[in-house]
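Novice: Residues per chain, in single letters:
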Amino acid sequence: MSSILVVDDSASMRQMVVFTLKGAGYEVEEAVDGMDALKKAKLRSFNIVVTDVNMPNMDGISLIKELRGLNDYRFTPLLMLTTESGADKKQEGKAAGATGWMVKPFNPEQLLATIKKVIG
Amino acid sequence: MSIDISQFLHTFFEESFEGLDAMENNLLHMDVNSCDVEEINTIFRVAHSVKGGAATFGLKAVAEFTHSMETLLDQIRGGEKTLSDEGVDVLLRSVDVLRSMLANSKAGNELDFIESEEIKKRLDELLDKGSSKKTVMKPVVERKDDQQITNWEIKFIPETGLFKSGNDPVRMFRGLSELGIMEATVNAESLPDFESLNPEECHLSWDITISGKISKEQIAEIFEWVADDCKLTITSVEEEATAQLVENMVPEDVKIVVPIVKPMPGKEGRATQTESASIRVSIDKVDDLINMVGELVITQSMLGQLGQDFEMSKIEKLSDGLAQLERNTRELQESVMRIRMLPISFVFQRFPRIVRDLSTKLGKKVELIMNGESTELDKTVMEKIGDPLVHLVRNSLDHGIEMPEMRRKSGKDEIGLITLNAFHQGGNIVIEIIDDGKGLDKAKILEKARARGLVGSDEDFGDDKVADLIFAPGLSTAEVVSDVSGRGVGMDVVRKNIKSLGGNVEVRTEAGKGSRFTIRLPLTLAILDGQLVRVGEETYIVPLVSIIETLQIKKKYINDIAGKAQMYRLREDYIPIIRLYQSFGLKPDQEHLENGLLVVVEGDGQKAGLFVDDLLSQQQVVIKSLETNFQKVQGLSGATILGDGTVALILDISGLLASAKDSAQMQASGAAA
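First to last, the protein sequences are chains S and C.
Under the working numbering, think of the first position of the first sequence as 21, with each following residue one higher.
Under the working numbering, think of the first position of the second sequence as 1164, with each following residue one higher.
If you are wondering where the hints come from, they were derived from the structure by calculation, not from laboratory data.
Be aware that a few hints might be false.
[Unchecked claim] Under the rule of at most 30 Å between Cα atoms (straight-line distance), these lysine-lysine pairs were calculated in the DSSO-like manner: (1) K109(S) / K1717(C); (2) K137(S) / K1376(C); (3) K1376(C) / K1394(C); (4) K1448(C) / K62(S); (5) K109(S) / K1327(C); (6) K1318(C) / K137(S); (7) K1628(C) / K1770(C); (8) K60(S) / K1327(C); (9) K1477(C) / K1448(C); (10) K85(S) / K59(S); (11) K85(S) / K1394(C); (12) K85(S) / K62(S); (13) K42(S) / K1223(C); (14) K136(S) / K1318(C); (15) K1394(C) / K136(S); (16) K1750(C) / K1717(C); (17) K1607(C) / K1524(C); (18) K1524(C) / K1605(C).
[Unchecked claim] Where chain S lies over chain C, by a calculated footprint (3+ residues, C-beta under 8 Å): (19) 1174-1184; (20) 1247-1261; (21) 1324-1330; (22) 1785-1798.
Small disclaimer: the values here were computed from a predicted structure and weren't measured.
Note that the Cβ used here is the ideal one computed from N, Cα and C, for glycine as well.
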């Protein structure tokens, strides 16, 4: 089964995303910010990374830039969770190497549908 | 599939309240003239997370309110606006509004929109100032369902670097096939020779036909992520004649459709149930605990092995092992107790705000210094000590600290100083509230106390005893009853609450120099320092804090009064004697007072002497509730299990005194009749 790294500094959002993905049978690991995620991503490889954008220590866009620079993550789908006010963030994220984005608020079903399309 | 997202609400509320505390804290320390970017960022992130969460979990009003905050903060962060004093003020008010909105949502109450509307208006005014940017939350475009069946032709020519963004055409095909009947034809014309083929580049393109009740926007949405990395044309077969090229085509107003998540039915009940039922524990405490359990397991297996083939020659090993077991158990107990311990900063963090608001209101200048914020105490104690502390701090600010000109006249710095200290001392936590104000007016207190008949007119009082009078019921020396403090219901309630936690509060004051309130509290309510006493065959535990002294009874000090009640003369006081064997219906060793011991205790401000057979050891005991295991018993506050496995009951001194008084009155009235 595919493995997913979920990065969000908000515990409730993280819980929801993790619960949803685990419920669908994915193997899920969580990270609380970009720094934490980068550390975890280096320890093993994930099939997909889903990250919040606004986080302390290292934000989602810097994380994506860092990950794309790693050999293991050159082609890995990297998704951003943005808000509707972050239109310019999408462009910034794309430039950093993001695969795509989901706009908050989303519900668990939408999240799962998107993930399924990306990694089957 | 449907997932009940209300189960994450509790976490959302918890993290939001924490975030708001941090936000408030940052705002209070903010110097508008030299803003730290990281501070603004922290504040922004809180607003951002609360908004995101609120929108996700269906708290629409909260999401809308935070949206204005977020936009304002984003502009400040981006340098478009500068943060003004007014801005800080409005943001602080917003924190209050959000707190109450969240608290109401959590409790399942109706939200109060009057205040939130007012603050939102002020936020929007700040936003409008010098900026033309509109900040309206974009309405979500609903997908129409009255779509005609359309046949679409899509030409999809990705750029060679498509894979480098982690995109795979397969995802788009999956998406399209969900919309309708799809057929894709691959075009491999531009595929280079095998030798020069770079497998990391995409050289294929596709012609796709799809038919169904599909809008152009739906198709565009599927290609949204790769809009910049491909050439894409979407044409309906019907309008082929007027085929138009769609490049970078995602129209501005296309949105992923978001059904509004309705709050789940029955949410209210659950919200109140889980109120405060959880606790956040730092990882290192849990790690400690796991470590300790590991040690325990090792000791257990060692002892187990020893027991299998035990000979008397191994007795030393056995006693070593038992000593280790004892150590492990004690450490484990301490670790478990630590889980309930939280730093007092949870309470202290409200004070900067309270002091700021109140000093502004009173026109005083006050600096607040807090020490020992990381001092830990039990969660239950923490929850109950908050209000008394707030009262004391307000009191210091209102009555203690003088107006700036007064302070100048008396040669003090204009800015008054309130210091909050917290530290551990023995098994207690000590909290001090110190102000450098005018001190208590002892003459006035004494005068008022005499007027109320609290003390006799000719009684001579020491300074400390006078100051102590402010804790007497119904005594407030505030000349004007303000809405800050001084309703005369304050200090006695403060003392009562602190006493109910097994602690005490005292005050030292010096005219013109200030006052110091010292609160002493037990670290936890689950463990009690007790004095074991014996009555006949039974052992009882008297809380050590209630005991004033213990003495051998002298016959000449015993006074018989009406009925069967007896009083004991303790220096200038007369205290009632309570025979514990009578209270609990036991057969004692001694019925003659002069052969036993008298434990002088105090509860609810009254003293009494408990007549017991013997004093045993003093020890810490773990309190087990009688109510949960049996039922409430007058005069007993709980039970514990002693080292030898027997159960001992813990005396509730206040309750005991009250019931003794009742029975004495009954006897007295019986004797009179």
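Novice: Does each hint fit the structure? Answer for all of them.
Specialist: A quick look at each hint next to the structure:
1. K109(S) / K1717(C): Distance of about 86 Å is beyond 30 Å: violated.
2. K137(S) / K1376(C): holds (20 Å)
3. K1376(C) / K1394(C): holds (24 Å)
4. K1448(C) / K62(S): holds (28 Å)
5. K109(S) / K1327(C): holds (19 Å)
6. K1318(C) / K137(S): holds (20 Å)
7. K1628(C) / K1770(C): holds (17 Å)
8. K60(S) / K1327(C): The given pair, whose Cα atoms are some 22 Å apart, holds under the 30 Å limit.
9. K1477(C) / K1448(C): violated (36 Å)
10. K85(S) / K59(S): Holds. K85(S) to K59(S) sits at ~14 Å (cutoff 30 Å).
11. K85(S) / K1394(C): With a Cα-Cα distance of about 25 Å, the restraint between K85(S) and K1394(C) holds, given a limit of 30 Å.
12. K85(S) / K62(S): holds (14 Å)
13. K42(S) / K1223(C): Judged against 30 Å, a Cα distance of about 27 Å means the pair holds.
14. K136(S) / K1318(C): holds (24 Å)
15. K1394(C) / K136(S): Distance of about 25 Å is within 30 Å: holds.
16. K1750(C) / K1717(C): The hint holds at about 22 Å.
17. K1607(C) / K1524(C): holds (26 Å)
18. K1524(C) / K1605(C): Since the Cα atoms of K1524(C) and K1605(C) sit roughly 27 Å apart, the hinted pair holds (cutoff 30 Å).
19. 1174-1184: Holds: 4 residues of the stretch 1174-1184 of chain C have a Cβ under 8 Å from chain S.
20. 1247-1261: violated (count 0)
21. 1324-1330: holds (count 5)
22. 1785-1798: violated (count 0)
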